[in-house]
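2 protein chains.
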Amino acid sequence: MEGKVTFSLHDKCEIIESITEEIEEFMLWMGSFGKQEEGGVTRLLYSEAWRDAQLALAAAMEQAGLEASFDWVGNLFGKLPGTETNKTSIMTGSHVDTVKNGGMYDGTFGIAAGVIALKYLKQHFGMPKRSLEVVSLCEEEGSRFPMTYWGSGSITGRRHVEEIALLTDENGISFREAMEAAGFGSGTLRDSRRQDIGAFIELHVEQGIVLERKNLNIGIVEAIVGQRRYTIEVTGEANHAGTTPMMWRKDALGGASGMTQYLLNAAREQGAPLVATVGRFEVKPNVANVIPEKVIFTVDVRHPDATVLETFCHRFLTEFRKIAEEQELHVQTHLWMNASPVNMDKGLSAKIERICKSHDISHLSMASGAGHDAQMFQHICPSALIFVPSHLGISHSPQEYTSPADLAVGTAVLIELLYLLGYKEEEI
Amino acid sequence: MEGKVTFSLHDKCEIIESITEEIEEFMLWMGSFGKQEEGGVTRLLYSEAWRDAQLALAAAMEQAGLEASFDWVGNLFGKLPGTETNKTSIMTGSHVDTVKNGGMYDGTFGIAAGVIALKYLKQHFGMPKRSLEVVSLCEEEGSRFPMTYWGSGSITGRRHVEEIALLTDENGISFREAMEAAGFGSGTLRDSRRQDIGAFIELHVEQGIVLERKNLNIGIVEAIVGQRRYTIEVTGEANHAGTTPMMWRKDALGGASGMTQYLLNAAREQGAPLVATVGRFEVKPNVANVIPEKVIFTVDVRHPDATVLETFCHRFLTEFRKIAEEQELHVQTHLWMNASPVNMDKGLSAKIERICKSHDISHLSMASGAGHDAQMFQHICPSALIFVPSHLGISHSPQEYTSPADLAVGTAVLIELLYLLGYKEEEI
Chain S
5 MEGKVTFSLH DKCEIIESIT EEIEEFMLWM GSFGKQEEGG VTRLLYSEAW RDAQLALAAA
65 MEQAGLEASF DWVGNLFGKL PGTETNKTSI MTGSHVDTVK NGGMYDGTFG IAAGVIALKY
125 LKQHFGMPKR SLEVVSLCEE EGSRFPMTYW GSGSITGRRH VEEIALLTDE NGISFREAME
185 AAGFGSGTLR DSRRQDIGAF IELHVEQGIV LERKNLNIGI VEAIVGQRRY TIEVTGEANH
245 AGTTPMMWRK DALGGASGMT QYLLNAAREQ GAPLVATVGR FEVKPNVANV IPEKVIFTVD
305 VRHPDATVLE TFCHRFLTEF RKIAEEQELH VQTHLWMNAS PVNMDKGLSA KIERICKSHD
365 ISHLSMASGA GHDAQMFQHI CPSALIFVPS HLGISHSPQE YTSPADLAVG TAVLIELLYL
425 LGYKEEEI
Chain E
5 MEGKVTFSLH DKCEIIESIT EEIEEFMLWM GSFGKQEEGG VTRLLYSEAW RDAQLALAAA
65 MEQAGLEASF DWVGNLFGKL PGTETNKTSI MTGSHVDTVK NGGMYDGTFG IAAGVIALKY
125 LKQHFGMPKR SLEVVSLCEE EGSRFPMTYW GSGSITGRRH VEEIALLTDE NGISFREAME
185 AAGFGSGTLR DSRRQDIGAF IELHVEQGIV LERKNLNIGI VEAIVGQRRY TIEVTGEANH
245 AGTTPMMWRK DALGGASGMT QYLLNAAREQ GAPLVATVGR FEVKPNVANV IPEKVIFTVD
305 VRHPDATVLE TFCHRFLTEF RKIAEEQELH VQTHLWMNAS PVNMDKGLSA KIERICKSHD
365 ISHLSMASGA GHDAQMFQHI CPSALIFVPS HLGISHSPQE YTSPADLAVG TAVLIELLYL
425 LGYKEEEI
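Line by line, the protein sequences are chains S and E.
Each residue of the first sequence is one higher than the one before, counting from 5 in my numbering.
Each residue of the second sequence is one higher than the one before, counting from 5 in my numbering.
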């Protein structure tokens with residue numbers, strides 16, 4: 005037994021062989037929930053496709069020999085109970101929701117790898133000493149409601165039900181309504197807040213091009229960038245497109261497109277790693293022969309240094325107000341997401357590095373340009389974030405792709421890390 | 005009898021007194037069809053509100069003693085048959101459709117004034133020698149489908165059913181589907197094409213600020229500007245807002261907002277009377293944390309000189325392609341409306357001027373910056389376009405307003421013109 009447990013490179017290859025097909029099938033199966041004609045996947049929080057996916061995952065967890073259960077907000081857990089019941093749980097997993105017409109791997113991979121890892125460990129080593137759990141987090145993207153990390157935030161106490169009271173989606177459906185329609189937010193379900201998590205490990209696709217360009221298998225994330233998201237509302241005056249001379253117009257779109265141009269140019273001047281994006285852009289009344297009265301658009305800005313981020317945001321908000329004033333427009337800005345940069349746990353990262361080295365798995369310590377659920381868990385327990393390559397770095401798109409072999413290497417690293425923590429009781 | 009018929013100024017005041025309240029009530033009543041919470045009116049072609057309005061108008065026409073009938077596309081006619089049946093009809097009216105959340109007066113006033121004028125004439129002078137008709141045209145704005153002047157175009161042979169074959173609204177409903185759902189486009193209705201119209205007179209709110217600024221009652225339109233409308237489709241690459249460095253992006257919104265800025269600046273440099281508008285702007289996938297893959301927007305350009313219009317459009321289209329190339333974006337442009345400038349009938353305009361002078365009604369000969377149904381009729385018969393003031397020039401907006409007194413003066417002028425043509429048989 006003892007000989008078997010610290011994998012040799014040969015054992016790692018065996019693991020990878022034995023799980024490559026399984027992980028590929030699991031990913032394709034999950035990709036069928038919310039499949040779009042355009043080729044992508046859409047699983048917005050509490051939608052029908054989202055609900056179908058969570059219920060199917062619960063069944064798959066039971067099939068894998070795990071105890072499946074939902075919490076109040078709709079997070080799904082698959083548990084392998086530890087023999088030493090006084091110990092905290094080791095948790096792995098990621099989010100089940102997607103952006104509109106997004107990819108098959110973002111979020112989903114971390115859940116699939118977790119289920120397969122726990123199944124593998126139970127089959128080969130029986131029950132762990134420390135409880136091991138895989139979680140399918142209900143929401144991370146903020147694609148349906150202006151709210152991100154609803155799943156991990158509810159578990160870690162960083163999100164509260166009061167925050168959703170006034171939120172509605174683009175069809176005017178309230179957050180609460182949607183949650184209850186999906187069967188959650190009711191008293192019979194267990195409270196989402198957890199105090200018994202000893203460590204959190206998230207496996208995720210890089211959503212960038214670094215690992216592929218450098219031809220590496222694993223990225224060990226040291227820090228996650230800080231990011232801010234704003235809603236900007238520009239108000240002018242609706243008027244006739246033919247009879248209103250240019251100089252008498254109060255064109256909300258004229259102002260909003262100028263602000264967008266300023267933001268993108270300023271981000272280019274600032275240079276990497278700063279990124280700024282206008283992703284959402286709504287015009288009212290949105291008719292060809294009417295001068296737009298209102299434009300509501302979003303701004304997403306990210307940088308690993310809190311001060312640089314702060315300074316840049318102050319700068320573009322000042323310019324937006326100036327542009328509005330010059331054009332006799334009214335502008336309102338609303339900061340609805342403000343995540344500080346987060347450093348991941350050094351101890352866990354060192355273990356992952358050790359695993360990679362001992363099995364000659366090529367790896368790199370790096371920063372993440374995207375936010376991830378692991379940053380929420382880092383506030384309550386040591387947390388790690390492990391990347392596998394993304395082909396061409398394309399993500400949030402139907403073209404998102406990672407080869408089954410790359411997925412399997414990441415899963416193998418997760419299996420060994422969970423083994424060390426759950427069965428060998430290595431100190432976290 | 006003869007003494008009464010050529011109105012003295014005193015008679016004009018009597019008319020105005022007698023119809024001011026009636027026109028005000030009629031306008032408020034019409035404004036109730038498609039009334040929006042935001043305060044405006046929305047009657048998109050073949051919608052439920054549109055259908056309710058047409059059916060209610062048909063009843064109102066019968067009540068006014070007119071013969072009401074619909075044609076194949078849903079134009080509604082109220083006829084006062086002439087005693088001399090060999091003569092062509094004199095037609096007045098305007099369009100019943102509105103833009104999204106538009107005003108109460110645009111189009112509607114021309115219909116209301118026509119019904120009230122014909123009712124007044126029948127009551128005071130009995131049946132005319134030449135047939136008089138008021139028409140409630142089904143569509144002019146192009147707000148639901150990329151198709152304008154569907155009503156007047158079908159009557160004058162400038163629009164054909166083949167042109168709607170592929171058109172759908174923003175919800176994917178086909179033009180044909182919508183028309184049939186509203187009860188039109190069926191063989192049992194009479195063909196829309198007319199060959200028996202002797203003259204067309206349209207009464208309309210100015211939708212501009214000239215008459216109010218100059219404190220004048222009536223605008224006599226000599227020419228209508230030419231206009232072009234395009235749909236511009238910019239395609240880039242959807243990608244992750246956090247992990248994609250600025251220099252590697254293919255941001256469709258970055259390109260489209262730059263094109264919008266270029267267009268508006270070029271229009272300002274060109275100077276009045278040229279106007280250019282981006283009224284509609286759709287982003288895909290339209291999510292805060294995804295770099296936009298596609299933007300589809302409209303461009304509306306107008307000028308009374310065909311050559312200036314042509315040159316300006318060529319210039320901005322060239323620049324759009326240049327911007328797309330520089331940013332590695334793909335751009336497609338589609339011209340879906342191309343209306344040449346139109347001169348209105350000099351003879352009818354002279355009659356209107358004579359009526360105004362003889363009754364000391366302040367007036368101005370002017371150009372129209374907006375397209376109107378009268379320009380379609382001018383292709384098949386002498387046509388006139390008469391403006392009344394628009395408060396602050398605001399139009400296509402809930403704030404659109406013209407005082408009942410101004411509406412009544414315009415209606416009185418229409419009554420006298422119809423009297424001269426229908427009863428006095430003045431040459432057109």
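Certain hints may be false.
Given that identical chains are not distinguished, each listed pair holds provided it fits within a single copy or across any two copies.
Below 20 angstroms or equal to it, Euclidean Cα-Cα: the simulated PhoX-like pairs (lysine-lysine) are [said to hold, decoys possible]:
| hint | residue 1 | residue 2 |
| --- | --- | --- |
| 1 | Lys133 | Lys91 |
| 2 | Lys91 | Lys326 |
| 3 | Lys39 | Lys288 |
| 4 | Lys298 | Lys288 |
| 5 | Lys126 | Lys428 |
| 6 | Lys428 | Lys298 |
| 7 | Lys361 | Lys350 |
| 8 | Lys218 | Lys133 |
Simulated from the structure, these hints should not be mistaken for lab results.
Predicted model only: the values in this text are computed from it and were never measured.
Notebook entry, point to check: When no copy is specified for Lys133 and Lys91, does a C-alpha distance of 20 angstroms or less occur within a copy, between copies, both, or neither?
Noted result: Classified as within; 8 angstroms inside a copy, 102 angstroms across copies.
Next item on the list: Tell me, please, which holds for Lys361 and Lys350 at an alpha-carbon limit of 20 angstroms: within, between, both or neither?
Entry: Result: close within a single copy only, 16 angstroms intra versus 91 angstroms inter.
Note to self: With identical chains, the pair Lys298 and Lys288 could be close in the same copy or across copies; at 20 angstroms between alpha carbons, which is it: within, between, both, or neither?
What the structure shows: Both: 5 angstroms inside a chain and 19 angstroms across chains, each within 20 angstroms.
Check: Are the CA atoms of Lys91 and Lys326 at most 20 angstroms apart within a copy, between copies, both, or neither?
Finding: Answer is neither; intra-copy 57 angstroms and inter-copy 64 angstroms both fail.
Check: Between Lys126 and Lys428, at a C-alpha cutoff of 20 angstroms, which is it: within one copy, between copies, both, or neither?
Finding: within (14 angstroms within a copy, 101 angstroms between copies)
Margin query: Cα distance capped at 20 angstroms. Does Lys39 pair with Lys288 within a copy, between copies, both, or neither?
Written below: between (30 angstroms within a copy, 17 angstroms between copies)
Next item on the list: Since the copies are identical, ignore which copy is meant and state whether Lys218 and Lys133 lie within 20 angstroms (CA to CA) inside a copy, between copies, both or neither.
Entry: neither (38 angstroms within a copy, 89 angstroms between copies)
Check: From the Cα coordinates, with 20 angstroms as the cut-off, is the pair Lys428 and Lys298 best called within, between, both, or neither?
Finding: neither (60 angstroms within a copy, 51 angstroms between copies)
Hint violations for this structure: numbers 2, 6, 8, all remaining hints satisfied.
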